[in-house]
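Letter by letter, the chains look like this.
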Amino acid sequence: MNTQKNDRTIVLEVQRGVGRGPSRVQEYELPETAAASLLDGLRWVREHLDDTLAVRYSCINANACKECMMILDGKVVYACVARMQPGARHQVAPLPNKARVRDLISEIAPVKERFDQEENADD
Amino acid sequence: MTAENIVNRETDVLVIGAGGAGMSAALAASQAGSRVIMTDRSLVGRGGATIMAQMTVAVALGEQTPDDWRNHYADTLKAGRGLCSEPLARLLCESGIDAIRLMDSWGTGWARSDGHLTQVQAPGHDRPRCVYVDYLNTGPAVAKTLRTQVAHDDNIERYGDLLVLELLVEQGRACGAVALNLTTGHPVIIRAGAVIVATGGLTRLYRRNSASLNMGGDGYALALRAGARLIDMEFVQFFPIGHLAPRLVGFDPIMWDPFRYKLGGRLLNGLGEEFVEKYGHSNEGYTITRDAATYAILKEVEAGRGSPAGGAYLSFQHVPEETLRKAFGPIIDKLAANGIDLTKSPIEVAPIAHYHMGGIRVEVDMSTDVPGLYAAGEAVGGANGANRLSGNAITEAVSFGLQAGRSASAHAADAKAVEARRALELAGPTLARLEPAPQDGESPNVAALIARLQALMQDYVGPFRNEEGVQHALGELQVLKAELGEVLPGDGGPQDPVRLDALDLHNMLLVAEAVTRSALARRESRGAHQRDDFPGMDDAWTLNQTLALDKGQWRLDTEPVRRLETPVEIPAAGGTEYEGQA
Chain V
1 MNTQKNDRTI
11 VLEVQRGVGR
21 GPSRVQEYEL
31 PETAAASLLD
41 GLRWVREHLD
51 DTLAVRYSCI
61 NANACKECMM
71 ILDGKVVYAC
81 VARMQPGARH
91 QVAPLPNKAR
101 VRDLISEIAP
111 VKERFDQEEN
121 ADD
Chain S
1001 MTAENIVNRE
1011 TDVLVIGAGG
1021 AGMSAALAAS
1031 QAGSRVIMTD
1041 RSLVGRGGAT
1051 IMAQMTVAVA
1061 LGEQTPDDWR
1071 NHYADTLKAG
1081 RGLCSEPLAR
1091 LLCESGIDAI
1101 RLMDSWGTGW
1111 ARSDGHLTQV
1121 QAPGHDRPRC
1131 VYVDYLNTGP
1141 AVAKTLRTQV
1151 AHDDNIERYG
1161 DLLVLELLVE
1171 QGRACGAVAL
1181 NLTTGHPVII
1191 RAGAVIVATG
1201 GLTRLYRRNS
1211 ASLNMGGDGY
1221 ALALRAGARL
1231 IDMEFVQFFP
1241 IGHLAPRLVG
1251 FDPIMWDPFR
1261 YKLGGRLLNG
1271 LGEEFVEKYG
1281 HSNEGYTITR
1291 DAATYAILKE
1301 VEAGRGSPAG
1311 GAYLSFQHVP
1321 EETLRKAFGP
1331 IIDKLAANGI
1341 DLTKSPIEVA
1351 PIAHYHMGGI
1361 RVEVDMSTDV
1371 PGLYAAGEAV
1381 GGANGANRLS
1391 GNAITEAVSF
1401 GLQAGRSASA
1411 HAADAKAVEA
1421 RRALELAGPT
1431 LARLEPAPQD
1441 GESPNVAALI
1451 ARLQALMQDY
1461 VGPFRNEEGV
1471 QHALGELQVL
1481 KAELGEVLPG
1491 DGGPQDPVRL
1501 DALDLHNMLL
1511 VAEAVTRSAL
1521 ARRESRGAHQ
1531 RDDFPGMDDA
1541 WTLNQTLALD
1551 KGQWRLDTEP
1561 VRRLETPVEI
1571 PAAGGTEYEG
1581 QA
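Each protein sequence line maps, in turn, to chains V and S.
Numbering-wise, the numbering used here puts 89 at position 89 of the first sequence, and it's gapless, one number per residue.
Numbering-wise, the numbering used here puts 1494 at position 494 of the second sequence, and it's gapless, one number per residue.
Here chain V stands alone, though its shape is the one from the complex:
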């Protein structure tokens, strides 16, 4: 979908990459109506621009599951309640103190609840 860029366009600069591999920043432009919250915006990006962007969330909008933690402009936020400013440029990154799985998805499960501890062959 083509979005007409104007001074209300929201720009997301998203840090991407898989595991311990290299990181790159990808820029997405969103119409202001697409994103009241950061999670709205990331879901809009997946549906309209790039479905390869990986984001962890579950409850969508209710701030109940606490799964959508990430970094927005240097601060830890829940993406579902972080508000977007029309016309603003935002930096989005995975949590810095957790292992990155892919893009904005970090390993946040308690160690005892991770199955991959069993897969010692791959590390």
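Source of the hints: derived by calculation from the structure; they are not laboratory data.
One thing to keep in mind: the hints can contain errors.
[What the hints assert, rightly or not] Output of the computed footprint for chain V on chain S, the stretches with three or more beta carbons under 8 Å from beta carbons of chain V:
no., segment
1, 1097 to 1109
2, 1155 to 1165
[As the list claims (entries may be wrong)] Calculated cross-link-like contacts (lysine-lysine; reagent style BS3-like; alpha-carbon spacing at most 27 Å):
no., chain 1, residue 1, chain 2, residue 2
3, S, Lys1144, V, Lys112
4, S, Lys1334, V, Lys66
5, S, Lys1299, S, Lys1278
6, V, Lys66, V, Lys98
7, V, Lys75, S, Lys1334
8, S, Lys1326, S, Lys1344
9, S, Lys1144, V, Lys66
10, S, Lys1278, S, Lys1334
11, V, Lys98, S, Lys1144
[Claimed, not checked] Just a few of them, taken from the derived set where beta-carbon distance is under 8 Å, the chain V residues facing chain S:
no., residue
12, Tyr28
13, Glu47
14, Tyr57
15, Asn61
16, Ala62
17, Ala64
18, Lys66
19, Asp73
20, Ala109
Ideal Cβ placement from N, Cα and C applies to all residues, glycine included.
With chain V's structure known, arrange chain S on it following the hints.
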């Protein structure tokens, strides 16, 4: 990775899904002496519907006012419009009491006043019967309580980010599952003496829904492909007053309900008139059942009397500010942060997909048609008939979960585990599907395909249906299936969102077809299934529909509603009587 490297684990009971039902099942199976592996495609105890429940857990504790499970049962049957399985409804209402007391002993923190648990009256109940945790915190408190119990149980291993792709069936018997470890992208085999599906409902099939991302009906798809029948798939509950406008960040869209009946929020059409009574519910006020309220709101919208965003107004403007502040507590400030001042203007609400009455057909011990396969919670169909009574979902999750755990444990004790090598063979077709495959041409944006499916189901197989629309939906489902294709897209690495969406959409399309075919066949209007072309209930349709997949072909049947051999005698009602569906 080669087949020999695939992690191949063995346990007594495998529980798929770690919401209220799954965690309850795991605890009961462990209590009965089984080793348990519980998996969730999301994080343990965080996804699913349980955590989203905001209030009202219906159970006849008799703390607030004298009560009897049989009165709760009578209300459940009445709400179910004649289609509830009586044995399942009885289990819910009767064993729900012990289940909720057990939760209390584990410190859930049910609201208390004057030395007893506070029970409030919710729509469709004849008296105050619903416990809750303030403020709007019932689901998170239930989830946390169960999580804590599970974490302290050494017999239970629990794993998040593990997506079950297929059940393993050996000679007609469920014997495990093959899953995808989302963190690595590698497949995993889990062999088990018994398997419990506790994956919740299918609200993700709809554009407007109130549940978590992982409620795409995958458990129904797993059970169907394993050979189990589904039941009542046409009955999708729409919650009448889901938040519509203005945009509200950080709230579950179903949040308004408790306030509506606590404070008497007024439901108004676009002209500012009360309208629910026009649809034959003159004396019901806030106690009108969900199917009836959904019907009334959508009929007003259809008649051009909707609110600007296409729903109804919910107004608290007549309530004094002090009363509002007391009832809403800290929530009033969060609303203010969203620019909402209830003393000055109404909000807009509209029906939103909320719960699935249908599901996997089980006996009263939660066993399915497939030996060794059990189901629990919203994944089960039948207890709630054509319309679920408010407050019954958590009670169902915990009580059915406990029952499924006990039954599966007993089954597993006698079951001989399938050998690792044999399990690998059984998993063969699923593993082959995950292998990198040549992609012919550009693959579609699967997230956009999912959005199209959601719009299709909302518009044509939502609260109102008719022959033409449902036939259109069936055709479009085939189009979507063709666009998705058989080959799995994506790189198959860790948390590959494209592959995950494709796996989900395959299941969603199958389950959507189950709903659509059932909706097409039921030529009457009852509860959550309203047909424009067949208005009104037809006694000849006091039947349940079941669906099976037989060598890839759908088999749709009807069966008589399951009755108790000895009907339950209902004690004289202590509260107000309400009319049924008009």
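Here's how the hints hold up against the structure:
1. With 0 residues having a beta carbon nearer than 8 Å to a beta carbon of chain V, the segment 1097 to 1109 of chain S misses the requirement of three or more and the stated coverage is violated.
2. Using a Cβ-Cβ cut-off of 8 Å, 5 residues of the segment 1155 to 1165 of chain S lie near chain V, which meets the minimum of three, so the contact claim holds.
3. Taken as a hint, the S:Lys1144 and V:Lys112 pair is honoured in the structure, with Cα atoms around 16 Å apart against an allowance of 27 Å.
4. Note on S:Lys1334 and V:Lys66: the hinted pairing holds, with a Cα-Cα distance of about 17 Å set against a maximum of 27 Å.
5. Restraint check: the Cα-Cα separation between S:Lys1299 and S:Lys1278 comes to about 11 Å, which is no more than 27 Å; the hinted pair holds.
6. Under the criterion of a C-alpha separation no larger than 27 Å, the hint pairing V:Lys66 with V:Lys98 is consistent with the structure, at around 15 Å.
7. Among the hinted pairs, V:Lys75 with S:Lys1334 is consistent with the structure: their alpha-carbon atoms are about 20 Å apart, no more than 27 Å.
8. Distance hint between S:Lys1326 and S:Lys1344 is fulfilled; the C-alpha atoms sit about 17 Å from each other, no more than 27 Å.
9. As the CA atoms of S:Lys1144 and V:Lys66 are separated by approximately 13 Å, the hinted pair is consistent with the 27 Å bound.
10. Distance restraint check for S:Lys1278 and S:Lys1334: the Cα-Cα separation of roughly 35 Å exceeds the 27 Å cut-off, and the hinted pair is therefore not satisfied.
11. Restraint check for V:Lys98 and S:Lys1144: satisfied, since their Cα atoms lie roughly 23 Å apart, inside the 27 Å limit.
12. For V:Tyr28, the interface hint is violated, the least distance from its beta-carbon to any beta-carbon of chain S being 14 Å, above 8 Å.
13. Proximity of V:Glu47 to chain S holds as hinted, the smallest CB-CB distance being about 5 Å (cut-off 8 Å).
14. With its C-beta approaching chain S no nearer than about 6 Å, V:Tyr57 sits inside the 8 Å limit, and its interface hint holds.
15. Satisfaction of the interface hint for V:Asn61 is found here, the shortest Cβ-Cβ separation to chain S being roughly 7 Å, below the 8 Å cut-off.
16. Checking V:Ala62 against chain S: minimum C-beta separation of about 4 Å stays under 8 Å; hint holds.
17. Taken as an interface hint, V:Ala64 checks out: its beta carbon lies about 5 Å from the nearest beta carbon of chain S, inside 8 Å.
18. Checking V:Lys66 against chain S by beta carbon gives a least distance of about 7 Å; that is within 8 Å, so the hint holds.
19. Annotation: interface hint on V:Asp73 violated; nearest CB of chain S at approximately 17 Å, more than 8 Å.
20. Annotation: interface hint on V:Ala109 holds; nearest CB of chain S at approximately 5 Å, less than 8 Å.
When the structure is compared with the earlier hints, violations turn up for hints 1, 10, 12 and 19 and for no others.
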